[in-house]
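**Q** What follows is each chain in one-letter form.
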Amino acid sequence: MPSDGNATASPFDVTLPNGLRVLYEPMPWLPTLSVTLLMPFGSVTDPIGNEGSASVLHEWLQRGAGDLDSRALSDAFEDLGVRRGGNAGRETSTLGAGFLAADAARALPLLADMVKRPRFESPEFAPAVELAQEELRSLEDAPTQKMFEALTARFLASPHRRSSLGTPEGLAALTEAGVRADAADRVGPDGAILALAGGSTWEQLLPVIEETFGTWRGATQPVPAPELAPQGLHHVDAETTQLQVGLAYPSAQVGTDEGYLYTLALNVLSGSMGARLFTEIREKRGLVYSVSAGTRALRGLGFTVGYAGTTTERAAETLQVFLAELDRLAEGVTAEELERSRTGLLSSVVMRGESSGATAGRLATDAYYLGRARTLAEVSDKIESATLEQVNEYLAANPVPTPTIVTLGRLPEGGLGLPAATATATEVGTGTGTATGTDAGTEGRA
Amino acid sequence: MSSELRFDHVVLDNGLMIIGEFNPRAVSAAVGYMVHAGARDESPELAGVSHFLEHMLFKGNERLSADDINRTFDELGADYNAFTSEERTVYYGAVPADRAEKLLDLLTELMEPSLRQEDFDMEKKVILEEIAMYQDRPAQRLFELGNGRFWNGHPLGNSVLGSPETVGNMQRDAMRAYFEERYAPSNVHLVLAGNYDWDAMVARARERTAGWRDYQVNRGKPAPEPMTGYERVADAALNRQHTAFFAPGVPVETPDMFAAGIVANVVGDGSGSRLYWELVDKGLTDNAWLSHEAQEGAGAFVGYLSAAPDRADEVLERYREVLQQVQDEGVTPEEWRRSQRKIATSLTFRAETPLGRLMSFGTIYQTLGKYLSVNETVELVMSTPLEAGARILAGRPFDQGFVLSLGPN
Chain B
295 MPSDGNATAS PFDVTLPNGL RVLYEPMPWL PTLSVTLLMP FGSVTDPIGN EGSASVLHEW
355 LQRGAGDLDS RALSDAFEDL GVRRGGNAGR ETSTLGAGFL AADAARALPL LADMVKRPRF
415 ESPEFAPAVE LAQEELRSLE DAPTQKMFEA LTARFLASPH RRSSLGTPEG LAALTEAGVR
475 ADAADRVGPD GAILALAGGS TWEQLLPVIE ETFGTWRGAT QPVPAPELAP QGLHHVDAET
535 TQLQVGLAYP SAQVGTDEGY LYTLALNVLS GSMGARLFTE IREKRGLVYS VSAGTRALRG
595 LGFTVGYAGT TTERAAETLQ VFLAELDRLA EGVTAEELER SRTGLLSSVV MRGESSGATA
655 GRLATDAYYL GRARTLAEVS DKIESATLEQ VNEYLAANPV PTPTIVTLGR LPEGGLGLPA
715 ATATATEVGT GTGTATGTDA GTEGRA
Chain D
818 MSSELRFDHV VLDNGLMIIG EFNPRAVSAA VGYMVHAGAR DESPELAGVS HFLEHMLFKG
878 NERLSADDIN RTFDELGADY NAFTSEERTV YYGAVPADRA EKLLDLLTEL MEPSLRQEDF
938 DMEKKVILEE IAMYQDRPAQ RLFELGNGRF WNGHPLGNSV LGSPETVGNM QRDAMRAYFE
998 ERYAPSNVHL VLAGNYDWDA MVARARERTA GWRDYQVNRG KPAPEPMTGY ERVADAALNR
1058 QHTAFFAPGV PVETPDMFAA GIVANVVGDG SGSRLYWELV DKGLTDNAWL SHEAQEGAGA
1118 FVGYLSAAPD RADEVLERYR EVLQQVQDEG VTPEEWRRSQ RKIATSLTFR AETPLGRLMS
1178 FGTIYQTLGK YLSVNETVEL VMSTPLEAGA RILAGRPFDQ GFVLSLGPN
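As you go down the protein sequences, you meet chains B and D in turn.
Residue numbering for the first sequence follows our numbering, starting at 295 and increasing by one per position.
Residue numbering for the second sequence follows our numbering, starting at 818 and increasing by one per position.
Excised from the complex, chain D in its bound form:
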C-alpha cells in the first residue's frame, strides 16, 4: 500500500508548516493542528493552563459560538477531539474525504479563540469535574504524583491537569498571555493524512491563516536530575496497593529511542514479557507493565503494578528482581526479535486509518523534523540491533529507579 503514499510539506510565509501523507486508497481524511505547547511549558502557578486552553478553543470566537462549532463538526460527520500532554496539544478530526477542506476551515477557526470570560468561568467547572474524575482513578492519581516527584523540578514533571487550586485561581488574562506566547504559527504543525487535495488544502490554509503573525517560541530543556528511592502515600480508602516505577530513559532525539522501546517491551509488555511471566501469568497481579517514554531532551522508563495490600511488598520485590535480572543478564535474541515483531505489528495496524497515521508521523515530524512512512518506521524498529539494547541495560538504568506506592499500606 505504501508505494502509493506521497509525503508533502510546505512552510507558509507566516511560519506555519503543513505536512501531509496522501493516501489515494483512503476513504477519509484526517486533519490536525499539533501545537508544540504542553504542560512542560507552564509556570507552576499556571499548572493546567495548556489543557484548560485546549477546552477553551472549542468555545469559539466572534464568528462562531461554541454551539456553532459543535454543530458544524456534527454537520461534517467528523470524528474529532483534542488532547494535551507534557509535550504538545493536538486538535484533530477525521471526515469522509470530500469534506477535508471544511474540516480544515473549522479547525482553523478553533485556532483563533476569543477566550470569553463567561465561557472561561463555565469551562472551569468542567475542568474541576475532570480533575475530580481522575481523583477516583488511583492509577491516574499515582502517575500525577509520581511523575512530579520523579522529575524533581524538571518541567516534564508538570501536571497536565493542574490542581483544583491552580485551575480554580486561574485568570483569563493569564491564559490569553500563555496563548499569545505559545501558539505562534512556527510553533504549530498542520498535519494532513489520508485522501485530500494537497494544493487545495495548502491554498485554503494560506488564505485562512493569512492574518497570523509569527514570533519566536523557546522551550526550556534543562538537564534532568531525577529522583531515586521509594516513597509511599497512604490512602486508607483504597482497596489495592498501586505502585509506579520510574527510571531514567533516553530522549526522543537519540537513535537509541527505538532500542529503549524494545527493551521496555521485552521487560514489560502486556503479554509475553518478563513481567508478564513472572507476575501476571502466576496470578500475583492482573496488571504489571513497563514502558518507555521518549520525550524531548529526556526520557523515562515508566512502570505500574497493582497488588492486593497483603502481598504488595512481595510482588513489588519480584517486580524489582525482574528488572535487576534483565540488567544482569541482558535479553536473549529471541526475546529481542519477538518484541521487534510485536511493535512492528502494532505500527502496521495503527496505520490502517488516516487518523492513526496522522498521530504517528505527525508526532515524529514535529519532534525530529523528519518524515517516516510506516514502512520506514517498521524498518527502523526491525533493524535496531540487540547490542543497542545491551548498551542501555549496561548503564543499569533501573538501579536509579524511583518508586511511589499509593494505597492502604
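Just chain B, with the same shape it has in the complex:
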C-alpha cells in the first residue's frame, strides 16, 4: 500500500562503474514509469564566447541517435507513446521520459542512445541553433520570465548568472565542430544521475540499465561554486501594463537541518492563500493578483526568490509591504502559523508521493544537491520534529538579508520609495552584460 509502503524504505541507489548514479523508487500500484536523466552540464559551464552551447547541445542530442536519424528516433519514441521532456538549465540539464512500465526495456535504450550515441548530423545543426535563437527571442514578449533572467544576472556573480538560453552573440558564434567537441567534454556519465519511479521492479530495471547506460562513456566538467553579486537595486525599462518585481537573497539550503527550519518559516510567509504575503498584499490591500516567495537551489547555495506583479501606481506600496514582511520574519512565527505550515508541508510530501514524475524528480534533485535521496519518512520526521523555539531562534539569528531587487516595466514617477539603506545599488562589475543582452541598464535610486 502506498500509504506506508514507500515512506520508510530507502530507494534503490547504485553507482555504475562508469560513474552514473542510478536511483529507483518502486510504486508498484502504478502502470506508469517516469525517468529523469540529470546531467551536470548547463550554461554555467558553457565555453566563454559560446554562451548557449548547452542549449544547442541539448537540442542536437535529441535529433538522431544510434541507428536512428532524427525522424526515426522520434517515431520510435512515439510508437511507444513515450512522453518526453527535459531542458537545458544552468548547472544541470535533463532528459525526461514517461511511459508504460511494461515498455521499459524498449524505451530506456532509446533514451540511453541519445547520450551514448548521438549522431550530431550536420543538417540538424543549423535548425538546432535557429530553434535556440527563437526561444531567446520569445523571451522578449515574456516580461515575467525576462525579469527573472535579469534578477539572476544581478543576484549572482559566477557564471551562474548566465541565462540557460544563451546570448545572441554566443549562439551566433557556435560551430558544428565546436559543439561536438563541447559534447565530448561535458556529456558523460560521471556525476550524472538516472532517477526512475513507478510500477516496475529493480530486478527488471537494473539489467536493462546496465546494458544500456552502463556502456555510456564521456567526460564531464566540474561545476564551479556559485558566487553572489553585491546586493543591489536594478531596473529594466519596458512597455508593460504591470511592473514585474523580483527579489532574491541567500537562504538556507533545502534538505539541511537549517533548511527545514527555514522552509517551515518560509511556508508561513508564502505557501498558501492563508500565508502572510497573500494575506497582507492581496487579501487586505488588493495590490496584486500574483505574489510569492520560494526557495531555489544551486549546488552549495540556497536562495529565495520573491515575485510580485502589480500596476505601476501600486508598485511602491506592494514592495514596501513585501519587504516589511521579510523583515518581520526575524520576529518569529506563532505556534498556530507553524502548525499550519507543518501540516501543509507534510501533506504535500504525502501527496507528491502519488505521482511518478514528481517522485523521479525528487530523487534526482536530492541526489544532486544533497548527495543522497531522502526517504519520505525522513523528510516527514524532520518537518514534524522542528519546534517553535528552534524555528524562531533560527529566524532571530538569521534575519532575511537585504535582497537584490530587479524591476521590469514602467517605474512610478515618485520611485519605489525604498529606504536609503536598501537603495545602495551596486553595479555588477563583470562586464559580460546580462544574460539576455537586453537589459536597458542599471540604475540605483535613493
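If you are wondering where the hints come from, they were derived from the structure by calculation, not from laboratory data.
Possibly wrong hints are sitting among the right ones.
To be verified - Listed below are the simulated DSSO-like cross-link pairs for lysine-lysine, each with C-alpha atoms no more than 27 Å apart in a straight line: (1) 578(B) <-> 1099(D); (2) 1187(D) <-> 1038(D); (3) 410(B) <-> 1099(D); (4) 578(B) <-> 1187(D).
Following the hints, position chain D against chain B.
**A** Relative to the frame of chain B, chain D by itself:
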C-alpha cells in the same frame, strides 16, 4: 489498478448529484464542486462575472471570514484552488485521505457565500490586476480577442476575465442575481476521487446542503456561425508576431470528439506532429501547435504560432500549407496510431493522482452524463478508427478557418 476502482453516484433530494471514483490504493482524497456555469452563460454587460464570483466564494459567509477559509484550508494541508472556463466553474482540493470530510465541509461553506460589499470592492482590485497581468502576455490577449471574433456572437466567444470596463462597472447585486440564477443544486456536481468513505461523504453532503433549494437552469446553445478570414491587430510594443488560428470542430456530445482530438494531435502536437516537423524542427519558430476543443453544442480547432516579425508571413503560410495538405492527403495509419498512443499515455499519467482523476471523469460526467474509467477512456481513444478522422478532414474544416495576428506587423 483499475479493477479496484469503484464508481458511485447519487442524487440528493435537493437535486445535487454526487459522483465518486473510489480508489482504495490512493493516499489522498480529492473533492470538487463543479458548477455548470461559466463565461458562456453571461450577458455582455456582466462579462467576467463567473470568474469574479469564483474569487468571491473564497470570501466566506456569516459563519466564516475569508481569513477563516484560507486558514482552514491550511489546517487541512489542502492542495486547493478554483478555475473558471467558458463551460464551468470548479472549486476543488486534495487532502490526505483522513481529512476528506473536513475538506467537503469547507468547500460546502464556499458554496454559500455572503458576497459582502467590502470584499467585493477589494476583490475587484485583484481581478483588475489579473486582467492587467494577462495584458502583458500576448498569447493570452490574442486568444481573448480571437475567441470573441471567431465565435462571432456565439456565447462560447465570451471572455472569461471580462474587460476592465465590465469588471470595473460590475455591481454586487448583479453578481448576487447571477449566483441565484446559476448555482442551483441540480446545476452542480459534487465530485469525489481517491480514498474516502462514500457513505459518510454522502451523509455529510446531505446534511450540509439540506437548506439548498433547487430551480431550473437553462443554458443557451445557439448554432454557431463562426467567422472566417484574416485580421491583424497592430501592437508596436511587441517583439514577436503572435498568430491564432481557429476552425470549426465537433461538439463534445458527438462520438467524433475523440477523432477530432487525434486529428489535432497528428497535425499539431508539441512534438512529432506535422507542424512540429515543418516549423519547429526547422527552427522557424519555437512554438506552433494545433489542438481541438470540444465544447457543449460546438467545437473548434484552435492553434497558435509565434514568429519573428520579418518572417511571420512566410511561417504562417507554411502553417496553412500543413493544414491544407492534411485535408488533401489525410493522415497515415502510423501517424494515427502514434497519436492515439500519446493521448493514451497522457491520460494514464494524469490518472496517477486523485485530483487528476477528479478533473477527467468529473468533466466528462458533467458534460455527457456518463462515467468513464481511465481504462475505458483509453479504450475509446485506441479504438477510434482512422476513418473517423478521415471523415472530419473530408469536411475540410480548415478551409473555414479564421486567423488573428497580433504583433508589430
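**Q** Taking the numbered hints from earlier one at a time, note which ones the structure violates and give those numbers from smallest to largest.
**A** Result: hints 1, 4 break, sorted rising.
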